[in-house]
Amino acid sequence: MSIRGVLAVTGVECTKLAAQLKTRIVLAACVAGPFGFAAAMRVQSSVPTDTLFGRSVKESGFAIPLVVLGFGALWVFPVLASVVGGDVFSAEDRYGTWTTILTRSRSRSEVFGGKVLTALGFSALAVAALAVSSVAAGVLVVGSQPLIGLSGELVPPSKALISVALAWVTVLPPTLGFTALAAVLSVATRNSAAGIGLPVVAGLMMQLYAFVDGPETLRQLLITSAFGAWHGLLTATPYYGPLLEGTMVSATYIVVCLVVAYRMLRRRDIGG
Amino acid sequence: MERFALEALGVSKRYGRHEALSSVDLVARPGQLHGLLGPNGAGKTTLMRVMLGLVRCDAGAVRLLGAGRDLSIGRVPDGVAGFVETPAFYPYLSGRKNLALLVRLDGDGGAGGDRVERALEQIGLGPQAEVTVGSYSAGMRQRLGLAAALLRSPRLLFLDEPTSSLDPRGARDVRAIARRLADEGTAVIWSSHDMAEVEELCDMLTVIDRGRVVFSGATGELRQLAPAAVFLLRTSNNDAALELASSQPGVRATSLTDGALEVSADIEALDAYVVALGRAGIAVRLLERHQRSLESLFLDLTEHGAAETRAASRGAMNDSGPSQAAS
Amino acid sequence: MLDRAIGMGLGGALAVVMIVAVFACGPSPVTSARIEGAIAPTFANLVQLQVSQLGLPPISASDFGVTASCRKPAGGASGAGDWVCALTWFGPQRQTLSNTYDLLVTTDGCYTATVDREQLGGPILQGIDGSDIRNLLYAFEGCFDTT
Chain A
1 MSIRGVLAVT GVECTKLAAQ LKTRIVLAAC VAGPFGFAAA MRVQSSVPTD
51 TLFGRSVKES GFAIPLVVLG FGALWVFPVL ASVVGGDVFS AEDRYGTWTT
101 ILTRSRSRSE VFGGKVLTAL GFSALAVAAL AVSSVAAGVL VVGSQPLIGL
151 SGELVPPSKA LISVALAWVT VLPPTLGFTA LAAVLSVATR NSAAGIGLPV
201 VAGLMMQLYA FVDGPETLRQ LLITSAFGAW HGLLTATPYY GPLLEGTMVS
251 ATYIVVCLVV AYRMLRRRDI GG
Chain B
1001 MERFALEALG VSKRYGRHEA LSSVDLVARP GQLHGLLGPN GAGKTTLMRV
1051 MLGLVRCDAG AVRLLGAGRD LSIGRVPDGV AGFVETPAFY PYLSGRKNLA
1101 LLVRLDGDGG AGGDRVERAL EQIGLGPQAE VTVGSYSAGM RQRLGLAAAL
1151 LRSPRLLFLD EPTSSLDPRG ARDVRAIARR LADEGTAVIW SSHDMAEVEE
1201 LCDMLTVIDR GRVVFSGATG ELRQLAPAAV FLLRTSNNDA ALELASSQPG
1251 VRATSLTDGA LEVSADIEAL DAYVVALGRA GIAVRLLERH QRSLESLFLD
1301 LTEHGAAETR AASRGAMNDS GPSQAAS
Chain C
2001 MLDRAIGMGL GGALAVVMIV AVFACGPSPV TSARIEGAIA PTFANLVQLQ
2051 VSQLGLPPIS ASDFGVTASC RKPAGGASGA GDWVCALTWF GPQRQTLSNT
2101 YDLLVTTDGC YTATVDREQL GGPILQGIDG SDIRNLLYAF EGCFDTT
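In the order they appear, the protein sequences are chains A, B and C. Note that our numbering has the first sequence beginning at 1, numbered continuously upward. Note that our numbering has the second sequence beginning at 1001, numbered continuously upward. Note that our numbering has the third sequence beginning at 2001, numbered continuously upward.
Honestly, the hints are just simulated from the structure, not real lab data. A quick note: this is a predicted structure, and the numbers were derived from the prediction, not measured. Note that beta-carbon positions come from the ideal geometry of N, C-alpha and C, so glycine has one too. Please note that the accuracy of each hint is not assured.
Unchecked claim - Calculated pairs, SDA-like style, for lysine to any residue (alpha carbon to alpha carbon, straight line, at most 25 Å):
#, chain 1, residue 1, chain 2, residue 2
1, B, K1097, A, T15
2, A, K159, C, V2051
3, A, K16, B, G1134
Unchecked claim - Examples of chain A residues lying across from chain C (beta carbon under 7 Å, computed):
#, residue
4, L150
5, P238
6, P242
Next up, chain A with everything else stripped away, as it sits in the complex (with noise of 0.2 Å):
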């Protein structure tokens, strides 16, 4: 296995998503929500006081992002992390492709490793999109005023917009997570409905678990709690360390996802 062929199946990869619709739709979607939100938020006189920062919706542009990123943690992120990784093993089952790519001169293991940069790559860029979109889409539509933080304290905009900006960085690794999620279920199931639809599903149901005053331990190793860890980061005195367990608990499921993805193509006959 090189580095090159791994590179050769990514480009590969790359080539194919960009020509499919739903690339294209998903990402115009990360682009364009976010302002629609804002427009919104302008426009109507209430505002969504069940998310944090919701109450702040009008008063800061800053606030915008936050609470994307709150709402976002139910279903979108997981959404826009299965999009590309729930399918991009199962398409070939679909194509019935497997034969044609699999008798080139790449290994399995350049192909299993171009298409996971593929799906990581496609997700990171995604919610880098959302993140992008819902800053510009705050500060132009309301205003880069000062943001009230988690501690009442009054946060001014060139410090605001450092701590969303990280606040966005931290739900990179649950999302990978659930990109790891995806493509496991993805080899497992050689089905894009499963390999898309299940992910969701599971946040959902951990989400759900936030809910319920069940045991701690389990609730830390709940990928979905890491989508939350960049509370510590709004504060007057910041703290890390839900962010700490979010992203050892997430490097785990991306790791144990993806060895046990790698080991099931690395064994499968293909057709016979």
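Got chain A; can you put chains B and C on it based on the hints?
Frame of chain A, contents of chains B and C only:
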């Protein structure tokens, strides 16, 4: 140049209780057009999948172009190409774009464009190459599959029923390509259930039935063992005619599914048989030359018994390497 | 063979994790101490902010001397859900003030506090220049560390 382009020895594969391949040997030299003949479900496609690294065999060794295959690496060596069953491509991309992607997978991004054009020219897809593969017919996909294989400038080429969806002209073109490649030194493994096509096209033959090799050797040997042309006979009493044939010297008859008989005999034995039928009160309703069926071929091969096939293969050994005796 | 070793290692690790997760007992990290430690300074900061928004003479948050006392109306010392906090502080004229808030605390350590009765004005206040200003103390939110 390697002595053998392909050496598959003792390949066995079992799926659950079904033994798909049972100690199969297949050996081909460079420049040989080697036919792999057998009915559907005999294991031809499974064997090709094993050789291309798509399926792991339970036992046996495969060497492509002199290099032993490590299946876990799963990389098809340079100079080896092929397709199994109807080739599949990405339906949302054009034929040309599909080939361009495959060239990139082969690690040839820069010079790729020329290769693609040359391959498309060879298989004659023309302006259809711009259309998305989703709208291709099976025949067009087969041509594209051949083009995809030709991209790799193969010295060992596996073709799985490459003319099954083509019209006669297309089939003729593909046969010409295979012939030309073989003349240029490429070993071509051509699998088919069409005996006439394979016997006409290939120099060497391996016949497979239910996962076992029943014949391996030169086409000429097979013709000697089991002539290709037979007669189709319909009578007023097919069962009695079959029984009568067994007592006629030089006449071998097998019953076909629709009740008619397939008779293998030289012209004198046939004449004597027809006369005997008349004397026995069995009327001949139809007698014509007929392309023999695979079933009767296998019956012949196994009936002939080990002795004869072994003799034939000893002769073939000088030419093709080890072969499997029928059981 | 390496395959099998990896497989067994993974299976074992996952089993251990699951067992630990299910059986790890321990009180919830949502305790009165943590909530009080979060809500008191938040309230103080918000009063300071509100004062400046209303155009009144600025007072620093530390001058308020806010203390909080929180309990679960359903009983128990810890856990997410409904909480009631009584906040005691010194007003601008050094008078002792007390406000009660109803809290909804989530398992990940965030709370939404809504004032008990129509204390401290309603949801909207009037600034010095007559404009409408959101009453920051009517309902507010915050988070604390649960690790």
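Tested hints:
1. K1097(B) x T15(A): Answer holds: K1097(B) to T15(A) is near 10 Å, not above 25 Å.
2. K159(A) x V2051(C): Roughly 23 Å between the alpha carbons, so the hint for K159(A) and V2051(C) holds.
3. K16(A) x G1134(B): Status holds; Cα separation ~15 Å.
4. L150: Since chain C brings a Cβ to about 5 Å from L150(A), closer than 7 Å, the hint holds.
5. P238: Hint on P238(A): violated, closest Cβ of chain C at ~10 Å, above 7 Å.
6. P242: Because about 6 Å separates P242(A) from the closest Cβ in chain C, which is inside the 7 Å limit, the hint holds.
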